[in-house]
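Novice: Since each chain comes alone in its own frame, lean on the hints to assemble the complex.
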Amino acid sequence: MTGAGADTVDLDALGGWIREFARLVGEHRDELTRLDSAIGDADHGINMDRGMTAAIAALDAAAPASAAALFKKVGMTLVSKTGGASGPLYGTLFLRVGATAGEVDELDGPGFAKALRAGLDGVVARGKPEAGDKTMFDALAPAVDALDAGLDEGASLGAALRAASAAADAGRDATIPMQARKGRASYLGERSVGHQDPGATSVALLVAAAATALGGPGQR
Amino acid sequence: MKKLINDPADVVSQALLGMAAAHPELRVDHENKIVYRGDAPVSGKVGLISGGGSGHEPLHAGFVGPGMLDAACAGEIFTSPVPDQMVEATKRVDGGAGVLHIVKNYTGDVMNFEMAAEMAAAETGVEVASVVTNDDVAVQDSLYTAGRRGVGVTVLLEKIAGAAAEQGRSLTEVADVARRVNEGGRSMGMALTSCTVPAAGQPTFELPETEIEIGIGIHGEPGRRRVPHVPARQVAEYLLEPILADTDFSGGDGVIAFVNGMGGTPLLELYLMFHEVAGILEKAGVRVARSLVGPYITSLDMAGCSVTLLKADEDLLRLWDAPVRTPALRWGV
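Residue numbers (full-length UniProt numbering), protein chains in the order written: chain A, 1 to 220; chain B, 1 to 333.
Derived by calculation from the structure, the hints in this document are not laboratory data. Glycine included, every Cβ here is placed at the ideal spot set by N, Cα and C. You can take every hint at face value.
So the derived list for chain A, only partly shown, Cβ under 7 Å to chain B, looks like this: (1) 41; (2) 83; (3) 182; (4) 184; (5) 186.
Next up, chain B with everything else stripped away, as it sits in the complex (with noise of 0.2 Å):
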């Protein structure tokens, strides 16, 4: 294992260290391991939380700031956070006008923010609305597995219902704009390498020179099947074959499409892969309202790159086009 850090135990930490020092407009409470917005908590506006296990950068912490998220939780690599963080981090940005927890669908994930939601309604009276997110068509959907991972939409989510919270919204008007969010989003992800988990020390499985994972998901779980490696174009089609097949996107107000970078995959080449999968969608009848290119929802040092599309209406455009001002994301200001 060839990394740049200085001790697998303490990745997590020292990178915190990091983004405080980088990011001086942001608040790092470095004993919980959260990352606030500088003027948290805003009165009146509803405060946005999210979380998971680290390794996903920037997501979450790297989406904190005016416009996105009030305040992320950090867990350990691929580990959720636990719920002590959540209820803290609720806590402190719950400007009176409620608190929505952001949830990507991994069954840690869901039972420590359940948990949390619990605690904090015992604790607090804060009120709480939490948005699940399952976008992975990789993944059968049934009562016979944990159900879809949730993926890409989850940057898109963050920065939509940040805008609607923005705006002054209520929370539950925040949280219909979340799941209105994740029900027209549908995500699918490839491998070209395993990622390596500092404390593991080795790649968490073994892939071929000559093969590539398609379904894959954001930890080195595993995907659907291993195909031989194709050229981008072919690829392109795999991704996004069971994605138009799940949900039609045509017509209406047209989709924000997404091609995600897992964190070893150059710009050079996502952008390439856009070319692609913008080229598949014009075929399809599906017209590309807005689009993002770039590593945003990583796994560590995966190479590979997923694809996101989001069925767009007027409001979720005007949000989506509102201004943001994070680490990772910034536009408009």
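Bound-form chain A, shown alone (with noise of 0.2 Å):
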């Protein structure tokens, strides 16, 4: 094969990528929920970190043998840990990644992509968002569909998850504008317009932390 599926990525990189994601989510705790007390309930920072700091301690806890394992494991706590609806939201969205992936101990360019559809499936399952609705899905749709478009083109992973942060930042960028008709913040109505999406910035910290940990040292 060549282009994309000529990379792939170990376990050790699929768990950085989760570690990577974390260490945002502390970075910019106070940011996401800085966001959220200005449309929503100011607990988006807070929760995130809780239910990431839970995940990486249940995977220092025990190596999963699988992607599968992994993402389950990373779900799981999630669900557990987090509340909100970014529990949920989430979540499922590792657990479809998991389920898509399989038991297997590294995946390829198409492979990863066809999982984290997956996710952003399950996102729209749990929730039912529309694009333009102002959530998560905002950032994560053009990030999946960024991150195929590369692929098919025969870039590599590392260039196609680059071009996928950079539609997730321009999806969360393209938030502020828009009034939200799911979750708290459409109770504001037309007062949701001009504040960007929390679960939309959070959602392209996951997507920059895939580029970083899956398109860099971690890749073979």
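Specialist: This is the structure we're talking about:
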């Protein structure tokens, strides 16, 4: 195979993605909470940090033997420890990523992209968001599309993930003028316009973490 | 931030320690943050569980006991509890007649309870029914929002459905009563001040000294509109106008009228508000059959109040009057 199929990510790199995401969530904890206090209930950074800290502790306690086991552990821990809407949404995302990745110890580019798209489908099934609702979907869907498009065009996984990260950032920024139609921000109606969505912001961190951990030194 | 706490990270678990110490008739599972009535499960009785983010006390744990809830799951402050808690509580309160989940309509609560119902069905086979409260007229109920929020009617529903379960009604019948209460109830709230989430350390929103927020939620989420601070009489009109415009409460068996404190407003002001509310209702031809005044579904230290009206009928009034023995509501025993 050429292009995307040539590079693979192993369990260390996949675990590194989760650890980098946890690090970014910790670093941006106060910013996520500040964004959430403008249009929500001021807990997104606190909850995500608690959930991801617990997920890392679970990974440290016992090293998972496959991609399925890794993401299932992360997903179940997020469901159990995060609460709010983020727990079921991020939990379902990782559970679906794991179920699709399967009992393997490495993924190639298309395999990773397929798993991430399954995660996106899980978010859609759980939260029923549509494009433009001002939710995490508005950053995640363009990122998954950009990843697929990059790989289709023959880019390396790293290059495709960097494009995905740029798409997630653009999707995050595009939530600013949107009027929220889901979650607590929807109660504000027009007053939600002009604020960046906290969920789209944490998704941009998730994709940035993938570009760092899977498109860099952990990649073979 | 000035609060009676030791550590912002431990507020919920330390409050549950106090709850256990003050109410030996309840059983508290500190690991899972679940408060049970002492004799749960009650054989042959439908089990009632509720739960939600903490910060709304006495809702929900203060309503655990004979005649009301069998268990309450406490989340972090303003954050839904997690499915593991609801699954555990569902197993522990099932007396063989099934379990009713009482859920306030917030995205997180609904999703976590949904996952819990799926998990409970798969793991245990306990029959679970759910009712979602959505009584807040401040929020436009449309396909383009998460729908109306669950607020004050949740308190009345837990009392009334609890009495129905205590009488030995079936899961279907108790769920029907609960839905009837939700459909017949409407609420509207307001804030004089913001609230401060301990872990955030500062007020959730800014509200100038000269302004009040109409249509506030119970999580410090901003309301419908901001208006200049006006006397209580005018505030009562701001709250009742959209409620009465939404639903016709006149005639019939009257209403249960509930003036609720948001946590930082003295009972003195709540009774003053009740007087204003009663005056407006009388003019509107709405008869007050029963009343409740006090801080029962709060928003931490927020100052302000909400008004809930519930259309009453003979059955609902009998269930309302039935004995209840919980930390926060107690009569007829």
